[in-house]
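J.: As you go down the protein sequences, you meet chains G and C in turn.
Numbering (this note's numbering) for the first sequence: 997 to 1112.
Numbering (this note's numbering) for the second sequence: 1227 to 1343.
These aren't lab readings, by the way, just hints derived from the structure by calculation.
Just to be clear, a hint being listed does not mean it is correct.
[What the hints assert, rightly or not] One side only, chain G facing chain C, incomplete, derived with CB under 8 angstroms: (1) P1004; (2) I1008; (3) T1009; (4) D1020; (5) Y1029; (6) L1035; (7) Q1037; (8) F1041; (9) F1061; (10) A1098; (11) E1100; (12) F1102.
Virtual Cβ for every residue (Gly too), placed ideally from N, Cα, C.
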Amino acid sequence: DTGVSQDPRHKITKRGQNVTFRCDPISEHNRLYWYRQTLGQGPEFLTYFQNEAQLEKSRLLSDRFSAERPKGSFSTLEIQRTEQGDSAMYLCASSLATSGGANEQFFGPGTRLTVL
Amino acid sequence: AQKVTQAQTEISVVEKEDVTLDCVYETRDTTYYLFWYKQPPSGELVFLIRRNSFDEQNEISGRYSWNFQKSTSSFNFTITASQVVDSAVYFCALPAYSGAGSYQLTFGKGTKLSVIP
């Protein structure tokens, strides 16, 4: 399977705990995005990497959130001191940077976080 | 600011009926792209189509067709002869170029389509 993969698929945690999610993009894709989706809403952008550089962060990304993409391959998203409002589906997407502008983004299956 | 409106929250149709999902967008960009994604009950977003604002021709792919009208800022999606497997939430999305290389997508709230056998 050469699609985007995410791990874990589900995470249940208690308020105040730290959690970390992993995303493995399609191997040749240099653009990587994180989105968050709550029930009944469309995904909302969180952050963007081009190769290993984090170039864009949304206002939604509070200082409890941190993301990395070491060596421009997989990416991790960590949430510290989780709150119940963090409960959502966290989606990762990757795309190929070309001169053609906004190429299609391919999404992973998501990590569903539940904060008790 | 970018905005995507999908006014239809839920639609139910009987199998084999045609159905159109509406998408209205707002952007200050003179050139832009539009996307449609499908999110089946399994949860994974599936890319359906990318359309450049230069190209206003309708596009057809099997039972799917898209009608892009720049004059009304709409990019509507029609499924012909719907099937139960078409049941999903459908999202229209508009990329916003940030200047830092990012084309983050602004999504509508989605339209939940239920196809009844």
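J.: If a hint holds in the structure, say so; if it doesn't, say that too.
T.: We went through each hint and held it up to the structure:
1. For G/P1004, the suggested interface contact is broken, since its CB lies about 14 angstroms from the closest CB of chain C, more than 8 angstroms.
2. Checking G/I1008 against chain C: minimum C-beta separation of about 16 angstroms lies over 8 angstroms; hint violated.
3. This hint is violated: G/T1009 has a C-beta 19 angstroms from the nearest C-beta of chain C, more than the 8 angstroms allowed.
4. Here the hint on G/D1020 is broken, as its CB sits about 14 angstroms from the closest CB of chain C, past 8 angstroms.
5. With 8 angstroms as the threshold, the beta carbon of G/Y1029 comes within range of chain C, its nearest partner Cβ sitting at about 6 angstroms, so the hint holds.
6. Given hint, G/L1035 at the interface with chain C, is violated; its Cβ is 11 angstroms from that chain's nearest Cβ, farther than 8 angstroms.
7. A cut of 8 angstroms between beta carbons decides the hint on G/Q1037: the least distance to chain C is about 6 angstroms, and the hint holds.
8. At its closest, the beta carbon of G/F1041 sits 4 angstroms from a beta carbon of chain C; the interface hint therefore holds under the 8 angstroms criterion.
9. With 8 angstroms as the threshold, the beta carbon of G/F1061 stays out of range of chain C, its nearest partner Cβ sitting at about 16 angstroms, so the hint is violated.
10. A cut of 8 angstroms between beta carbons decides the hint on G/A1098: the least distance to chain C is about 4 angstroms, and the hint holds.
11. Look at G/E1100: its Cβ gets to within about 5 angstroms of chain C, closer than 8 angstroms, so that hint holds up.
12. Nearest Cβ of chain C to the Cβ of G/F1102: about 6 angstroms, under the 8 angstroms cut. The hint holds.
Consistency note: the structure conflicts with the earlier hints numbered 1, 2, 3, 4, 6, 9.
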